[in-house]
Every structure is written in C-alpha cells, then in structure tokens.
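> One-letter residues, chain by chain:
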Amino acid sequence: MSPTRPARDRDSQGPEERPVLLRIASFLYLRPSLVLALLLGPPLVWMIVVYLGSLVFLLIQSFFSLDPFTGQVIRVLTLATYKDLWTPANLDIFFRTATMAAVVTVTTAVLAFPLAYFMARYASTRLKTVLYLAVLLPLWSSYLVRVYAWRLILAKEGILNWFIQQLDLTRVLDLLLRAPVIGGPSLSVSFLGMFIVFVYVWLPYMILPVQAALERVPRSLLEASGDLGARPGQTLRHVTLPLAFPGVIAGSIFTFSLTLGDFVVPYSLGNSSFFIGQAVLSLTGTAFNIPLAAAFTVVPMGIMAFYLVGARTLGAFDAL
Amino acid sequence: MSGGNAVELSGVTKIFGEVTALDNISLEIGDGEFFSLLGPSGCGKTTSLRLIAGFEMPTAGEVLIGGRAMGHIPPYQRPVNTVFQNYALFPHMTVHENVAFGLEMQHISRQDIRQQVGEALEMVRLPGMEKRRPKQLSGGQQQRVALARALVNRPKVLLLDEPLGALDLKLRKAMQLELKMLQDKVGITFIYVTHDQEEALTMSDRIAVMDHGLVLQVGTPHEIYERPATRFVADFIGETNLIPGEIVAINREVAEVELARGIRLKAPMVPGATVGRSVTLAVRPERISLAAAPGPEGMNLIEASVFEVVYNGATTSILLRLESGIVLTVRQPNIAFAVEPSDLREQRVRLVWPIEASSLFMEKTPVEQGKA
Ligand SMILES: Nc1ncnc2c1ncn2[C@@H]1O[C@H](COP(=O)(O)OP(=O)(O)OP(=O)(O)O)[C@@H](O)[C@H]1O
Ligand SMILES: [Mg+2]
Numbered sequence: 001m002s003p004t005r006p007a008r009d010r011d012s013q014g015p016e017e018r019p020v021l022l023r024i025a026s027f028l029y030l031r032p033s034l035v036l037a038l039l040l041g042p043p044l045v046w047m048i049v050v051y052l053g054s055l056v057f058l059l060i061q062s063f064f065s066l067d068p069f070t071g072q073v074i075r076v077l078t079l080a081t082y083k084d085l086w087t088p089a090n091l092d093i094f095f096r097t098a099t100m101a102a103v104v105t106v107t108t109a110v111l112a113f114p115l116a117y118f119m120a121r122y123a124s125t126r127l128k129t130v131l132y133l134a135v136l137l138p139l140w141s142s143y144l145v146r147v148y149a150w151r152l153i154l155a156k157e158g159i160l161n162w163f164i165q166q167l168d169l170t171r172v173l174d175l176l177l178r179a180p181v182i183g184g185p186s187l188s189v190s191f192l193g194m195f196i197v198f199v200y201v202w203l204p205y206m207i208l209p210v211q212a213a214l215e216r217v218p219r220s221l222l223e224a225s226g227d228l229g230a231r232p233g234q235t236l237r238h239v240t241l242p243l244a245f246p247g248v249i250a251g252s253i254f255t256f257s258l259t260l261g262d263f264v265v266p267y268s269l270g271n272s273s274f275f276i277g278q279a280v281l282s283l284t285g286t287a288f289n290i291p292l293a294a295a296f297t298v299v300p301m302g303i304m305a306f307y308l309v310g311a312r313t314l315g316a317f318d319a320l
Numbered sequence: 321m322s323g324g325n326a327v328e329l330s331g332v333t334k335i336f337g338e339v340t341a342l343d344n345i346s347l348e349i350g351d352g353e354f355f356s357l358l359g360p361s362g363c364g365k366t367t368s369l370r371l372i373a374g375f376e377m378p379t380a381g382e383v384l385i386g387g388r389a390m391g392h393i394p395p396y397q398r399p400v401n402t403v404f405q406n407y408a409l410f411p412h413m414t415v416h417e418n419v420a421f422g423l424e425m426q427h428i429s430r431q432d433i434r435q436q437v438g439e440a441l442e443m444v445r446l447p448g449m450e451k452r453r454p455k456q457l458s459g460g461q462q463q464r465v466a467l468a469r470a471l472v473n474r475p476k477v478l479l480l481d482e483p484l485g486a487l488d489l490k491l492r493k494a495m496q497l498e499l500k501m502l503q504d505k506v507g508i509t510f511i512y513v514t515h516d517q518e519e520a521l522t523m524s525d526r527i528a529v530m531d532h533g534l535v536l537q538v539g540t541p542h543e544i545y546e547r548p549a550t551r552f553v554a555d556f557i558g559e560t561n562l563i564p565g566e567i568v569a570i571n572r573e574v575a576e577v578e579l580a581r582g583i584r585l586k587a588p589m590v591p592g593a594t595v596g597r598s599v600t601l602a603v604r605p606e607r608i609s610l611a612a613a614p615g616p617e618g619m620n621l622i623e624a625s626v627f628e629v630v631y632n633g634a635t636t637s638i639l640l641r642l643e644s645g646i647v648l649t650v651r652q653p654n655i656a657f658a659v660e661p662s663d664l665r666e667q668r669v670r671l672v673w674p675i676e677a678s679s680l681f682m683e684k685t686p687v688e689q690g691k692a
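Those protein sequences? They're chains A and B, same order as listed.
The numbering of the first sequence is the numbering used here, which starts it at 1 and goes up by one.
The numbering of the second sequence is the numbering used here, which starts it at 321 and goes up by one.
A hint or two may mislead.
If you anchor each label on the Cβ, the simulated ranges turn out as follows [claimed, not checked]: (1) B:380 <-> A:124: 21 to 27 Å; (2) A:55 <-> B:424: 56 to 62 Å; (3) B:516 <-> A:124: 33 to 39 Å; (4) A:86 <-> B:424: 48 to 54 Å; (5) A:124 <-> B:546: 45 to 51 Å; (6) B:406 <-> A:159: 51 to 57 Å; (7) A:40 <-> B:516: 45 to 51 Å.
Example chain B residues on the side facing chain A (calculated, C-beta under 10 Å, incomplete) [said to hold, decoys possible]: (8) 395; (9) 396; (10) 397; (11) 398; (12) 401; (13) 408; (14) 421; (15) 470; (16) 580.
I should point out that these hints are in silico values taken from the structure, not numbers from a laboratory.
Backbone N, C-alpha and C fix where the C-beta goes; we use that ideal spot for every residue, glycine too.
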C-alpha cells in the first residue's frame with residue numbers, strides 16, 4: 001500500500017493496525033452486559049452495603065433486647081422489644097406523628113398545587129427560573145438555622161405576634177392557642193407552630209414533583225377536554241388533577257416520610273408530648289436502649305410501606 | 321349574508337409575535353361539505369382549525385359558525401369537535417371513558433351514554449375495546465377512538481387535523497375511504513387538514529390550497545387539478561411540467577409562448593397576459609404523449625431527447641430534455657405501447673399535447689415582486 005493512503009479509510013486498515021481505543025470500544029460494544037455491569041456495579045455496591053446493609057442491621061437490632069439490670073444488649077433474637085414498644089404512651093407517639101405527617105402532607109399538597117400549576121402553565125421561561133430559585137433557595141441554608149429562625153418568628157415577642165397585634169387579631173390567636181392539643185402557651189411552643197414550620201420546610205419537596213408532573217401534561221389534552229365541552233373547572237377535575245396525581249404522590253412520599261422521621265422541629269417547637277424522632281433520639285442518647293430505638297424506627301418504615309401500597313391500590317400510579 | 325354556511329372565515333388574520341400565520345383569509349364552508357385545507361408545512365392549516373375551534377382568537381376578522389359570530393366564545397361552548405393531529409386521547413381513561421367524556425360533560429344519563437358510546441365505537445368499527453387504555457391500541461385504533469370521541473357529540477362541524485398522518489400507506493388509504501363514507505352517512509361538515517395532495521383530491525368536495533398564510537385557490541378537486549390558479553398550486557398539486565418562456569403573439573383565445581431559439585408553444589389566454597411578458601407554461605405529465613407524426617391542429621408539438629425511463633408499476637415516467645435544457649416528464653399508463661419505452665433511451669422524440677391542457681402563469685415583473 002502506498003504511504004499516501006488516507007488515514008480515515010477504515011476498510012483498508014487491517015485489524016492489527018487499529019488504535020487501542022477503537023479496539024476497546026469494539027470489545028465493549030459487543031458485550032453490552034459487561035458495560036452494564038461496569039456502569040451499575042459501583043453504585044449498586046454502595047446501595048447494597050451502605051444502604052440496605054444498615055437497614056438490615058437496624059432490623060436485626062430491633063429483635064435484640066436490653067437486659068433491664070445491666071443495661072447490656074442481649075444479642076438473641078426475640079420479640080421482647082416490640083412488646084415494650086406496644087405501650088399506650090408509645091402508641092400515642094405513633095398516632096401523633098402520623099397524624100401530623102398526614103395533615104402536613106395534605107396542606108403542602110393544597111398549597112403547592114396552585115404555584116406548581118402557575119409555574120407549569122403560565123410562567124414564562126424567565127419567570128419560571130426565578131420561581132425555581134425561590135422554591136429552592138431556602139434549601140441552600142441550614143435546616144437547623146431555618147427552624148431556629150422560625151422559633152424566633154413564632155415566639156411571643158416575635159415578629160408574627162407583632163403583626164397579629166397590628167392587625168388586631170390577638171384574640172383570634174389566643175382562641176386558637178387555647179384550643180386543646182394544637183394549642184400551647186405561644187405559637188413557638190405548640191403543635192400549631194410545629195405544623196406551620198413543617199409545612200414551610202417541606203413545601204419545596206411537594207412543589208417540585210407536582211410541577212414536573214403538570215409540566216408533562218400535554219396542552220393538547222387540556223384543549224381536547226375543552227373541545228369536548230368541559231368547562232375549565234371540569235377540565236381541572238377530570239384531566240389535570242388525575243394526570244398530576246402521581247406527582248402529588250411523589251411529593252407526599254417526601255413530606256410524609258420526612259415529617260415521620262424528623263426530630264428537630266418537634267424538639268425546637270414541641271412540648272413534652274414526644275414525636276417518633278424525639279423518642280428515637282432520647283432512646284439512643286440518655287436511655288441508651290438501642291434495640292427499642294431500632295424498633296421505633298421500624299414503625300415509620302412500616303407506615304410508609306402501608307402508605308405506598310394504599311396509594312397503589314387507589315390507582316395513583318396508573319397514569320405513569 | 322350567509323345562511324347555508326356551516327363555517328365562515330371573513331378577513332381573518334392571525335399574528336403570533338413576528339409571524340403572520342394567517343393573512344386576511346376568507347372562506348365559506350357549506351353545510352355537510354367535506355372541505356379540505358391543503359398546503360405545505362407551516363402554511364397555517366392548524367392555525368385555521370384552532371381559530372374555528374376557539375383555541376386561538378383572530379388578530380383581525382371574524383369566525384362564524386352556523387351564521388353566528390363566535391367572537392370570544394370559548395371552545396367548550398362551540399358546536400364543533402376536533403380530531404387532533406396527535407389524537408390527544410386521555411391516557412388515564414379507558415376507550416369507553418374517552419368516548420363518553422363529551423357526553424358526560426353534558427350530563428347525559430348513564431344509560432344513554434352507554435348506548436351512544438357503543439354506537440359510536442361500532443361506527444368506527446372498534447367494538448369490544450371499551451376497557452382498553454389508549455396505550456394498548458395501535459395507531460390506527462387510536463385514530464378511530466379519537467374519531468368516535470368527537471363524533472359521539474354530534475357536532476355541527478368536525479375539525480380533523482391530519483388525522484391519518486401517523487398511519488402507514490395501506491391503512492391510510494383504507495381509512496380515507498372509511499372516513500369519506502362515514503361523512504356521507506352522518507352528514508356532518510368535515511374540515512379536513514392535510515398536506516397530502518392526493519388525500520385531499522380523493523376525499524374532498526372542495527379544497528382550499530394555502531401557502532404562507534394565504535388562500536391561493538378554492539375549488540373542487542377537478543378545478544384545482546385542471547385549472548390551477550397559480551404556479552404554486554400547479555406545482556403543489558400533482559406533478560407538473562413548468563416551461564418558462566415569453567409571450568410573442570396573441571390570437572384571440574390563444575397565446576403563443578416562445579421558449580429559447582424560436583420554439584413556440586400555445587396555451588389558452590389568461591387575463592393580464594400581454595405580448596412581451598415572461599410566463600410559465602404548465603402541462604401535466606399524463607397529458608403529453610409521444611407522437612410518431614405531427615399532431616393535428618390544436619396540438620402543441622415539441623422535440624426532446626429521452627434521457628431516462630422510470631418504471632413506476634402502473635405507469636412509466638419518461639424524462640426528457642428540451643433543447644433549452646428544460647427537463648420534462650411524460651407519464652404513460654403501462655398498457656400497450658407502440659414502442660417499448662426502454663428502447664427510447666437516448667432517442668429524439670416528438671411530444672404532443674392539446675393546447676387546452678396547458679396553463680399560463682405570469683412571472684412577476686420586478687415591480688410586483690417588490691410589492692409581494
Ligand atoms: N403558538 C404559536 N406561536 C408562534 N408561532 C406559531 C404558533 N402557532 C403557529 N405558529 C406559526 O404559524 C405558522 C403556521 O403554523 P401552523 O401550525 O398553522 O402550520 P401548519 O400548516 O399546520 O403546518 P404543519 O403541516 O407542519 O402542521 C408557522 O410559521 C408557525 O411557526
Ligand atoms: Mg399542523
């Protein structure tokens with residue numbers, strides 16, 4: 001062959017002349033499963049060892065028990081710890097936490113939907129970017145700082161009370177705070193305040209998936225609905241909401257599970273009535289009852305599993 | 321002024337920012353008519369339908385349905401239904417729920433809904449599919465569901481936006497026939513958008529040919545094909561040979577056009593033609609025949625050399641070059657040939673066609689071009 005042969009002429013190149021990279025590429029191209037293994041291997045190892053591994057340990061821990069005299073963990077599988085878990089006081093904690101999580105979830109969904117709808121349907125590209133930033137911005141600062149800030153905002157001497165005074169609504173607030181269960185000496189020490197802060201901190205986690213779901217609803221479906229005689233309200237109920245529902249469910253998985261497991265907000269704004277997170281904290285800390293703490297943690301996992309199965313039976317994922 | 325018109329557009333203009341999608345168009349579509357909007361991509365077909373359906377409001381002009389000005393009446397109060405370009409079936413509903421949607425919005429009793437949905441599905445030949453989801457249907461089946469979903473409401477006018485666009489050729493042809501028969505049966509006015517000229521010719525009572533937001537010609541398929549109003553229409557509808565030249569003589573009804581080098585062709589006169597004007601003479605490939613001897617009076621005759629013969633199945637296309645370099649196509653049905661066409665390659669032949677088979681189009685003078 002002449003030395004002036006064009007370099008790009010692949011056919012005239014013998015296989016022995018191919019550059020190394022090309023040979024590696026061909027080798028991999030013919031073995032797609034090897035590529036998949038190389039791609040998925042590292043994250044899968046991480047998932048299995050760190051994530052599932054620690055969950056399994058947690059589960060095993062919850063079947064150990066604590067020797068009441070020595071305070072030592074007895075490493076024998078038993079249901080004794082779960083029996084300890086089953087006390088009226090603890091059931092109260094579960095019920096309280098789950099109720100709070102449910103109320104927070106519903107509220108965030110109701111608040112998030114209009115904003116997400118506006119972002120998906122009406123906002124210009126620029127405004128949308130601004131709104132994204134506005135939704136995400138709070139997540140850039142420490143969550144502890146924000147909760148603490150809310151404690152100051154909600155305090156008796158805080159800015160919210162001042163506003164309420166200016167608006168002459170102090171009586172309304174007092175009436176609310178005097179209500180059983182949700183009330184308290186001030187907003188900063190009450191379930192009502194806790195609820196407000198929970199809704200605030202988890203709202204972005206609801207807005208983003210709902211917005212993404214709404215964004216995926218083709219405009220032509222809304223037009224088809226109108227074309228078939230549906231008024232805007234009917235289109236919302238029969239077309240938009242069902243199609244956005246998977247997004248709401250995705251968001252609710254965040255808000256629900258984050259509320260179930262949180263201890264910072266109840267710790268900062270709560271009273272002596274514990275939430276699950278606080279119970280786990282005190283059991284791992286002062287009481288040092290690791291098996292019971294583990295059992296406590298298994299409960300929200302169970303509640304979540306129950307929730308997901310329920311959502312599936314209701315057809316929440318049908319439109320996916 | 322219009323009593324029998326199902327839909328009327330009068331002086332409608334639609335401007336999107338910088339784009340003029342529709343430029344002062346006026347159309348009158350009769351009751352029960354199968355009316356097609358035909359034109360290349362981006363010419364404003366979909367925009368016209370959206371204005372009639374009420375998804376867009378005209379920048380200027382008026383849309384009338386059944387003689388009533390639509391003004392700002394929203395889509396859900398207009399007596400029209402649409403079959404969308406991409407069907408737009410509701411993915412979270414079954415076929416039955418999709419078709420029933422319009423009736424449910426009118427609060428019709430459950431029993432009546434079941435019966436009417438059943439009838440509609442039967443009409444589009446899709447019985448027994450009620451429980452399926454759109455995703456579980458083929459493209460053609462989805463198209464039928466979209467049709468049933470619109471028809472079940474018995475609209476005054478049905479708007480169809482390239483409803484057969486996604487189907488393969490065979491199914492497309494079958495659906496064309498079915499649609500046409502269905503329209504005869506239900507007697508609803510169809511406004512049918514397509515960029516497929518053959519489809520428009522096959523199905524329509526009348527066609528509006530559009531380009532760049534303008535309506536260039538409205539007429540029956542026969543008129544549009546045989547008497548195209550502009551060079552664009554002639555070129556867009558079917559195949560056509562375009563031969564440039566200059567008018568050198570006018571004898572009452574016939575204009576004589578000179579191509580290069582003293583070769584002359586004749587064509588029926590058109591208004592505005594004057595001696596010295598640059599024109600384009602158009603003739604359909606199937607109107608030209610190869611002749612052994614000069615034809616009788618009233619025929620055009622020209623010599624050309626064959627450079628390619630293409631077998632198309634039902635027809636054979638013969639590609640020829642005139643002395644001036646212009647390429648012509650002659651299309652002949654594959655029945656008994658005097659000469660085996662493939663033997664014609666590289667041969668010089670005589671072409672003849674009747675004078676009235678040619679059409680003349682004025683080339684724009686520089687002044688007119690400046691205005692357009
Ligand atoms: N919402 C819009 N905003 C801006 N321009 C638009 C909008 N809708 C249509 N146009 C423009 O208007 C013109 C006509 O569009 P239209 O959709 O009516 O074309 P069409 O004839 O249906 O084409 P196709 O055959 O490709 O569907 C195009 O130039 C298009 O870019
Ligand atoms: Mg279109």
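> Work down the list of hints and note, for each, if the structure agrees.
Hint check results:
Between residue 380 (chain B) and residue 124 (chain A) the Cβ separation comes to about 25 Å, which falls inside the hinted range of 21 to 27 Å. Our hint of 56 to 62 Å for residue 55 (chain A) and residue 424 (chain B) is violated, since their Cβ atoms are close to 47 Å apart. Distance hint check: the CB atoms of residue 516 (chain B) and residue 124 (chain A) are about 36 Å apart, consistent with the given range 33 to 39 Å. Distance hint for residue 86 (chain A) and residue 424 (chain B): a CB-CB separation of about 49 Å, consistent with the stated range 48 to 54 Å.
Evaluation of the 45 to 51 Å hint for residue 124 (chain A) and residue 546 (chain B) yields a pass: the beta carbon distance comes to about 50 Å. A beta carbon spacing of about 52 Å between residue 406 (chain B) and residue 159 (chain A) agrees with the range 51 to 57 Å that was offered as a hint. The supplied range of 45 to 51 Å is met by residue 40 (chain A) and residue 516 (chain B), whose beta-carbon atoms lie about 46 Å from each other. Interface hint status for residue 395 (chain B): upheld, as the beta-carbon distance to the closest one in chain A is roughly 4 Å, under 10 Å.
Among the interface hints, the one on residue 396 (chain B) holds; its C-beta lies about 5 Å from the nearest C-beta in chain A, closer than the 10 Å criterion. Here the hint on residue 397 (chain B) is kept, as its CB sits about 8 Å from the closest CB of chain A, short of 10 Å. Taken as an interface hint, residue 398 (chain B) checks out: its beta carbon lies about 8 Å from the nearest beta carbon of chain A, inside 10 Å. Nearest Cβ of chain A to the Cβ of residue 401 (chain B): about 6 Å, under the 10 Å cut. The hint holds.
The closest approach between the C-beta of residue 408 (chain B) and any C-beta of chain A is roughly 4 Å, which is under the 10 Å cut-off, so the hint is satisfied. Interface hint at residue 421 (chain B): satisfied, since its Cβ lies 5 Å from the closest Cβ of chain A, which is below the 10 Å cut-off. With 10 Å as the threshold, the beta carbon of residue 470 (chain B) comes within range of chain A, its nearest partner Cβ sitting at about 8 Å, so the hint holds. The interface hint given for residue 580 (chain B) is violated, since its Cβ lies 44 Å from the closest Cβ of chain A, which is over the 10 Å cut-off.
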